[in-house]
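Visitor: Starting from the given sequences, assemble the full structure and let the hints guide the process.
Sequences listed follow chains G and E, in order. In this text, residue positions in the first sequence follow the numbering used here: the first is 360, and each later residue adds one. In this text, residue positions in the second sequence follow the numbering used here: the first is 84, and each later residue adds one.
Any given hint might turn out to be false.
[As the list claims (entries may be wrong)] A short, non-exhaustive set of chain E residues, derived as facing chain G with CB atoms under 7 Å:
#, residue
1, Ala-107
2, His-113
3, Tyr-114
4, Leu-120
5, Tyr-133
6, Lys-136
7, Tyr-157
8, Ile-158
9, Ser-159
10, Gly-160
11, Gly-179
12, Lys-210
13, Lys-211
14, Leu-212
[Said to hold, decoys possible] Where chain E lies over chain G, by a calculated footprint (3+ residues, C-beta under 8 Å):
#, region
15, 367–374
16, 872–882
Honestly, the hints are just simulated from the structure, not real lab data. Note that beta-carbon positions come from the ideal geometry of N, C-alpha and C, so glycine has one too.
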Amino acid sequence: MSEVRIGVFVCHCGSNIGGWLDVPEVAEYARSLPNVVFAQDNLYTCSEAGLSQIKNGIKEHNLNRVIVASCTPRTHEPLFKRVCQESGLNPSLFEFVNIREQCSWVHMQQREAATQKAKDLIRAGAAKASLLEPQEDIYVDVEPRALIIGGGIAGLTTALTIANVGFDVKLVEKEKELGGLLRHLYKLYPSNEEAAAVITPRIEAVRNHPRIEVFNDSTVRDVRGFVGNYDVIIASDGKEETIKTGVIIVATGAEELKPQGLYSYDGQKVITQMELEQLLADGNVSATKVAMILCAGARIPERTYCSRTCCMTAIKNAVLIKKQSPEAQVYILYRDLQTYGTEYEEYLRMSKEMGIRYIKYSLSNPPTVSDGGVKVYHELLGRELNLETDLVVLATPLVPHSDAKELAKKLKVPLEQNKFFLEAHVKLRPLDFATDGIYLCGCASWPTDVEQTIAQALGAASRALIPLTKGQVKVEPIVSSVDQDKCIGCGICEYLCPYKAIAVFPTDKGDRASTIVASCKGCGVCSSHCPMMAITMQNFNDDQITAQIAALAAV
Amino acid sequence: MSEFEPSILCFACNWCSYAAADIAGTSRIHYPPNVRLLRVMCSGMVDAEYVMKALEAGFDGVMVAGCHIGDCHYISGNIKAQEMVTRLKKLLHILGLEDERLMLKWIATSEGPIFAETIKEYVEQLKKLGPSPFRKELVT
Numbered sequence: 360m361s362e363v364r365i366g367v368f369v370c371h372c373g374s375n376i377g378g379w380l381d382v383p384e385v386a387e388y389a390r391s392l393p394n395v396v397f398a399q400d401n402l403y404t405c406s407e408a409g410l411s412q413i414k415n416g417i418k419e420h421n422l423n424r425v426i427v428a429s430c431t432p433r434t435h436e437p438l439f440k441r442v443c444q445e446s447g448l449n450p451s452l453f454e455f456v457n458i459r460e461q462c463s464w465v466h467m468q469q470r471e472a473a474t475q476k477a478k479d480l481i482r483a484g485a486a487k488a489s490l491l492e493p494q495e496d497i498y499v500d501v502e503p504r505a506l507i508i509g510g511g512i513a514g515l516t517t518a519l520t521i522a523n524v525g526f527d528v529k530l531v532e533k534e535k536e537l538g539g540l541l542r543h544l545y546k547l548y549p550s551n552e553e554a555a556a557v558i559t560p561r562i563e564a565v566r567n568h569p570r571i572e573v574f575n576d577s578t579v580r581d582v583r584g585f586v587g588n589y590d591v592i593i594a595s596d597g598k599e600e601t602i603k604t605g606v607i608i609v610a611t612g613a614e615e616l617k618p619q620g621l622y623s624y625d626g627q628k629v630i631t632q633m634e635l636e637q638l639l640a641d642g643n644v645s646a647t648k649v650a651m652i653l654c655a656g657a658r659i660p661e662r663t664y665c666s667r668t669c670c671m672t673a674i675k676n677a678v679l680i681k682k683q684s685p686e687a688q689v690y691i692l693y694r695d696l697q698t699y700g701t702e703y704e705e706y707l708r709m710s711k712e713m714g715i716r717y718i719k720y721s722l723s724n725p726p727t728v729s730d731g732g733v734k735v736y737h738e739l740l741g742r743e744l745n746l747e748t749d750l751v752v753l754a755t756p757l758v759p760h761s762d763a764k765e766l767a768k769k770l771k772v773p774l775e776q777n778k779f780f781l782e783a784h785v786k787l788r789p790l791d792f793a794t795d796g797i798y799l800c801g802c803a804s805w806p807t808d809v810e811q812t813i814a815q816a817l818g819a820a821s822r823a824l825i826p827l828t829k830g831q832v833k834v835e836p837i838v839s840s841v842d843q844d845k846c847i848g849c850g851i852c853e854y855l856c857p858y859k860a861i862a863v864f865p866t867d868k869g870d871r872a873s874t875i876v877a878s879c880k881g882c883g884v885c886s887s888h889c890p891m892m893a894i895t896m897q898n899f900n901d902d903q904i905t906a907q908i909a910a911l912a913a914v
Numbered sequence: 084m085s086e087f088e089p090s091i092l093c094f095a096c097n098w099c100s101y102a103a104a105d106i107a108g109t110s111r112i113h114y115p116p117n118v119r120l121l122r123v124m125c126s127g128m129v130d131a132e133y134v135m136k137a138l139e140a141g142f143d144g145v146m147v148a149g150c151h152i153g154d155c156h157y158i159s160g161n162i163k164a165q166e167m168v169t170r171l172k173k174l175l176h177i178l179g180l181e182d183e184r185l186m187l188k189w190i191a192t193s194e195g196p197i198f199a200e201t202i203k204e205y206v207e208q209l210k211k212l213g214p215s216p217f218r219k220e221l222v223t
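Guide: Dropping the structure here:
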């Protein structure tokens, strides 16, 4: 191996590091370490100026290893690795040392100890860097197929979008019919077009699409694999089928909360908005004195979130009742009204002009429902009202399906505190899961109306189309490799590997283990359990870690 | 003689415990500077040999920190780590080392305060226990 030439860049991070430990002294110390040929301190290593200092350092000092001692690899490693790559250095030859989160920010009152700790960590970083080896990027082929879980408006939209680009789509729906929640709705706000007019053509298009196969009455039994190569086992009619797919989209939607025990709910005189939609669709609403209670079971301590769709749904249904029988009295009892944007706010104004009455109540003093009437304390009038009613409609929130947790576990993706699916990043990656190759859209992530759901579905489809159209995905080169001369073929690694990514195969030398690179996620369980020390984790191998331990101990 | 300051090596998994240490940092939660973190991808990656090497090198305490059971980024690596630590603890006495020299701790990403608290407590515990017999100044 050619001479190791390490460059160390110690960051002040403004005063975040420099204010609490002696950065120039740390850089000076780094210069004295074995194999370190260059060290300097930068005000902000991650700034344009700092990055070009790294590039210059690599060029001028012929560096073949780079260490940045600054913040955390969890946020900044990709940036510095990219700079190495741009300078012609294999990104695996980069090592990160964290002296901000682990030194300056947690030992603020102990300048000397923090400085010493930074030196120790850099010494260990240099020990590891000396042993780093260049790794080739690993690419795996992508199975040209998408599997979509959920056949509501979200799932149908993603299915059609992806299939129209030319990829096969498998659509898994747990119910007998496609269509999801929209099958149970009458008209949609703000355009008042019939839900059936939106959903039926899409169902037809999906049913007749040559590239889409629909699995009705089916559930996901198990999921194995990784981006580009998932194996999804579908259970339908007691039969199981394994589908190979490159990407998975979660479009499982949500369901209306059934308000058992709330406001005397009985499904007859006290019903939910969705039950009202059905009555409206059938032309069966004869009530002329209607009270709608918003936030029924929502924005309360055990369910703190706003379901976003219920205010507009209630207003829309109130308008429909009013249109059907203009003499009807319709009251909307609300805590706050969520009618954002231009169209929804306009709709609210129109509903008021039609004579729909709005009554503000508070969580601490909610309305009470009795036979033939609703008693409510009007927060703005400051007095109690007795409303005569022949129908009470509860606007209940959308809640996650009870089987969401089970599905999340199979997909190895997280749920948030309310048990909706949790995206990778609320702002930057709202339609991705943290797990590569799995995406989400629609009410599976939080309550959305049809317009937002379709926007998300189109977005998720285009996210999923990236690996599909590229045909290949890059995976982290942190994988295991087996020294065939040391391996005795005992199979402990095969037994332990959670990804079935290492297996014993017959060879000329006898049975030998071998890594299935595309499946390996790099956990290192095989290497730490190999009795022959035959398995090496790239970038985390025995020699590197042992060198770090020795360097950290050498005080 | 100044008070004995124990040295701790902490193997921290990339996904939970290392991230928890980051949170302790961003939240400016102070803890004793006696610990050195060594980042691994998974607690299941920590070879028993690494722990032995660290103890042999004179660290007063070695900590293996991973995700809570059920939360492992690699499904079950932390269970393997738990088994390794349980096995190894049974052997420590052969070297004349106390059980407390090796610690296993689950710390989730969000648990920055718990990370800091754990280090604080472990330092106190090791102070009571005294220096490792493998400390360089004692060995030579």
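Visitor: Next, verify each hint and record whether it holds.
Guide: Hints, verified against the model:
1. With a least beta-carbon distance of about 6 Å to chain G, the hint placing Ala-107/E at the interface is held under the 7 Å criterion.
2. Checking His-113/E against chain G: minimum C-beta separation of about 6 Å stays under 7 Å; hint holds.
3. Using the Cβ-Cβ criterion of 7 Å, the hint placing Tyr-114/E at the interface with chain G is satisfied: the shortest such distance is roughly 6 Å.
4. Hint on Leu-120/E holds. Least Cβ distance to chain G is approximately 6 Å, under the 7 Å limit.
5. Annotation: interface hint on Tyr-133/E holds; nearest CB of chain G at approximately 6 Å, less than 7 Å.
6. This hint holds: Lys-136/E has a C-beta 5 Å from the nearest C-beta of chain G, less than the 7 Å allowed.
7. Taking 7 Å as the C-beta cut-off, the interface hint given for Tyr-157/E holds, the closest approach to chain G being about 3 Å.
8. Among the interface hints, the one on Ile-158/E holds; its C-beta lies about 4 Å from the nearest C-beta in chain G, closer than the 7 Å criterion.
9. At about 5 Å, the closest approach between the beta carbon of Ser-159/E and any beta carbon in chain G falls short of 7 Å, and the interface hint on this residue holds.
10. Given the 7 Å rule on beta carbons, the hint for Gly-160/E holds: about 5 Å separates it from the nearest Cβ of chain G.
11. Contact between Gly-179/E and chain G, as hinted, is not supported at the beta carbon level, the nearest pair being about 18 Å apart and thus beyond 7 Å.
12. Nearest Cβ of chain G to the Cβ of Lys-210/E: about 16 Å, over the 7 Å cut. The hint is violated.
13. Hint status for Lys-211/E relative to chain G: violated, with the closest Cβ pair at about 21 Å, above 7 Å.
14. Here the hint on Leu-212/E is broken, as its CB sits about 18 Å from the closest CB of chain G, past 7 Å.
15. Residue count for the region 367–374 of chain G with a Cβ under 8 Å from a Cβ of chain E: 0. That is fewer than the three needed, and the coverage hint is violated.
16. With 3 residues bearing a CB less than 8 Å from a CB of chain E, the region 872–882 of chain G meets the requirement of three and the coverage assertion stands.
Hints 11, 12, 13, 14 and 15 from the earlier list are contradicted by this structure; the remaining hints agree with it.
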